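J.: Chain by chain, the residues run as shown.
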Amino acid sequence: MTKIMIDPITRLEGHGKIAIFLDQEGEVANAYLQIPELRGFEKFCEGRPAEDMPQIMQRICGVCPEAHHLASTKALDNLFRVEPTAAARKIRELLYSAFFVTDHTTHFYILAGPDFIMGPESPAAERNILGVIGKLGVELGKKVIQTRQQNHWVIQTIGGRGIHPVFGLPGGVSKAVSEEDRAKIEEIAAQAVDFGRMTLKIFEDLVLKNKEYLDMVLSDAYTHRTYYMGLVDENNRVNFYDGKVRIVDPKGKEFAKYAPREYLEHLTERVEPWT
Amino acid sequence: MGKLKVALYWASSCGGCDIATLAIGDKILDLAAAAEIVFWPVAMDLKYKDVEQMAEQSIDACLFNGAIRHTEDEHVAKMLRAKSKTMIAYGSCAYEGCIPGLANLFSMESVLERVYIDTPSTDNQARGYPQAKVKVPEGDLELPRLHGTVRALHQIVDVDYFVPGCPPEPKTTWLALEALLTGTLPEKGSVISHSHKALCEECPLPKEGKKVKKFYRPHQIIPDAKKCLLDQGLLCYGIATRGGCGAMCPQAAMPCTGCYGPVGGVIDQGVHFLSALGSLIDSTDPEEIKRIADEIADPAGTFYRYSLPVSLLRRARTE
Amino acid sequence: MNRFEPKIVVFLCNWCSYAGADLAGTSRIQYAPNVRVIRVMCSGRVEPYFILKALQEGADGVLLLGCHPGECHYLEGNYKTVGRMALLKKMLGQFGIEEGRVRLDWVSASEGVRFASIVNEMTGAIRALGPFHGQRTQEVTYG
Chain X
557 MTKIMIDPIT RLEGHGKIAI FLDQEGEVAN AYLQIPELRG FEKFCEGRPA
607 EDMPQIMQRI CGVCPEAHHL ASTKALDNLF RVEPTAAARK IRELLYSAFF
657 VTDHTTHFYI LAGPDFIMGP ESPAAERNIL GVIGKLGVEL GKKVIQTRQQ
707 NHWVIQTIGG RGIHPVFGLP GGVSKAVSEE DRAKIEEIAA QAVDFGRMTL
757 KIFEDLVLKN KEYLDMVLSD AYTHRTYYMG LVDENNRVNF YDGKVRIVDP
807 KGKEFAKYAP REYLEHLTER VEPWT
Chain L
33 MGKLKVALYW ASSCGGCDIA TLAIGDKILD LAAAAEIVFW PVAMDLKYKD
83 VEQMAEQSID ACLFNGAIRH TEDEHVAKML RAKSKTMIAY GSCAYEGCIP
133 GLANLFSMES VLERVYIDTP STDNQARGYP QAKVKVPEGD LELPRLHGTV
183 RALHQIVDVD YFVPGCPPEP KTTWLALEAL LTGTLPEKGS VISHSHKALC
233 EECPLPKEGK KVKKFYRPHQ IIPDAKKCLL DQGLLCYGIA TRGGCGAMCP
283 QAAMPCTGCY GPVGGVIDQG VHFLSALGSL IDSTDPEEIK RIADEIADPA
333 GTFYRYSLPV SLLRRARTE
Chain H
14 MNRFEPKIVV FLCNWCSYAG ADLAGTSRIQ YAPNVRVIRV MCSGRVEPYF
64 ILKALQEGAD GVLLLGCHPG ECHYLEGNYK TVGRMALLKK MLGQFGIEEG
114 RVRLDWVSAS EGVRFASIVN EMTGAIRALG PFHGQRTQEV TYG
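Protein chains in written order, with the numbering used here: chain X, 557 to 831; chain L, 33 to 351; chain H, 14 to 156.
Keep in mind that the hints were calculated from the coordinates and are not lab data. Remember, predicted model here, so these are calculated numbers, not experimental data. Every residue gets a Cβ at the ideal spot worked out from N, C-alpha and C, and that includes glycine. Keep in mind that a hint or two might mislead.
Estimated spans, in silico, between C-beta atoms of each pair [what the hints assert, rightly or not]:
1) Asp776/X to Pro152/L: 33 to 39 Å
2) Ala64/L to Pro144/H: 55 to 61 Å
3) Gln702/X to Lys239/L: 52 to 58 Å
4) Glu233/L to Glu60/H: 20 to 26 Å
Some, not all, of what chain L presents toward chain H, calculated at C-beta under 7 Å [as the list claims (entries may be wrong)]:
5) Val303
6) Leu306
7) Ser307
8) Gly310
9) Ser311
10) Ile313
11) Ile321
12) Ala325
13) Ala329
14) Pro331
15) Leu344
16) Ala348
Isolated chain X (complex conformation) (with noise of 0.2 Å):
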């Protein structure tokens, strides 16, 4: 059989490259995902003091190390044994929602954006944010600059530092926010909301409206189907910071619902020789 391979794979957080192997008839007999990376965090913690590991965790991303540090500092109320205080829950609340702030403006235009908005038939060499910029033009190229700067710019305040935050502990967060900074951070939510709206609209613009696309889009070959899974609230709305862990199938039926704590009940992992 051929064998293509994809090497690195890019655009996204991490390593991985993807071999796919053709038949005679040239139809995809096989594609295997490979992740050539490995560092051993889940060994490497064992011996580092338990308040270390919302600061070692989040160097698993530092896409999203807001995630891993906020996980990590719920670990260690559980490991303690307290609740947070209401303020420090509101705290880590609104830093994580400025995070995927940041966050899902990195990847709906930096990272799998180009893939829409530039289209599958641009050449490699634009499939990036400075094709979207020289698409889009340089005024909304600076607005999504200053959307992740402004949202960079709470995590910095909020946790200590824009990239790997520094502030979770048992129980609590390692300082407070001031009335000053308060006000200033409501003021960006208000314009992440805006831009956030802007984006969508871009999105419909240029992929729902564009037939051509959206054809490309709901074909199999852009078809997943999977389950999926994420935090929500008793109402069944996602809540980024804290909640049950709900799972629904490709139909959107629901499969489980948990709580974090009772994850070896319904997850477990295994491993495959070629990644």
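Take the given structure of chain X and dock chains L and H to it, following the hints.
T.: Relative to the frame of chain X, chains L and H by itself:
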């Protein structure tokens, strides 16, 4: 004169240094105007085979982040070194090994066993590990081979400049990029930062002269956020860490953890922090001194959190 | 006979332990020839960095001898040494380096016999532990 050709690559890293490059904000547009980015996996669709086609020294500068953990990291580092005029170790992983370097406290065998067999959520009855060469029904697949010891970039290729930080703060990043774009890089081998002195110089918390009767872990006390954290017994690494970051962490009432690496001229950051802490203990009773010292729960992990691969010992003995 | 002969670096402070070592010499007290002496003004001068460097550069063991607590010529130097060595030994344990390879002890100017006895003990202990092998590198694994 054409644009500068710049490559950015990540070895065993978390991606934080790539996000840090974006954290320079609007200046990214200045960078895009002055430089042609010829390779940047997180943001661009160029592949290894595109880099393989490039001529020797055809890349003006490569910003390389990530530690060297396996044969692919090593191969790409050597390839980019050959094709680049200037090689910059960007961020703590490339400069000193950083967090992935903590794996050097364990044997590779114990890491593999934990990751692929022993973790509570793993179901691996066959006790198999990923393999560098695998035969699947359709053909052959390959993976890089893991090194027994994590290394920093300069331990495998010649490095021209180092940019410290996990990740570097935007002002440190821009200090390096601006120097690159204006042709004003300092002496080869330099660490690029606004400061080469200890962080204490720029930390705004007032210091009272250090004498510690007890060391505390961050959750054990609520420190006075307007006073030096080390004076209060928190293990603030600022005394043995290069400045230039703006002392962000102490201003969030959390002790510095040392991510900007050693102060200028120091070779082994961890043992110097150890020495400083040992000498701050406020007692003249040897037994009491030992008891206070013992309050530091994890010397190896605390002192060498970011710099284990480039320390004198480099790794734990694991036979 | 190819018996392993340890190389032991010993730091001696000018005012107490070095004088004690001198006394062992002038008193013709026999002691193992495995030590290489480095004289410093105070045990508090010894950076743990020197100890690690000695091990990496070929020493099999490092001995640090200072004034008895309370007798330091500079009053507090040896207290700093206690703190540093406590941390260093704990850390070396985490690195899998055997407890006996680094030792801190006190020898006064009049203790020639004690100096010789500590040196002999240390030499025997390191001989039993074997060579340290600084600068070991790890080969590529699994594939």
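J.: The structure should be examined with respect to each hint, and the outcome stated for every one.
T.: Each hint tested on the structure:
1. Asp776/X to Pro152/L: 33 to 39 Å: holds, 38 Å
2. Ala64/L to Pro144/H: 55 to 61 Å: holds, 56 Å
3. Gln702/X to Lys239/L: 52 to 58 Å: violated, 37 Å
4. Glu233/L to Glu60/H: 20 to 26 Å: holds, 22 Å
5. Val303: holds, 5 Å
6. Leu306: holds, 5 Å
7. Ser307: holds, 5 Å
8. Gly310: With Cβ-Cβ at 3 Å, under 7 Å, it holds.
9. Ser311: holds, 4 Å
10. Ile313: This hint holds: isoleucine 313/L lies near chain H, its Cβ roughly 4 Å from the closest one there, short of 7 Å.
11. Ile321: holds, 5 Å
12. Ala325: holds, 4 Å
13. Ala329: Nearest chain H Cβ about 10 Å off; hint violated.
14. Pro331: holds, 4 Å
15. Leu344: holds, 4 Å
16. Ala348: At about 4 Å, which falls below the 7 Å cut-off, the nearest Cβ of chain H leaves the hint on alanine 348/L intact, so it holds.
The structure does not agree with the numbered hints 3, 13 stated previously, though it agrees with the rest.
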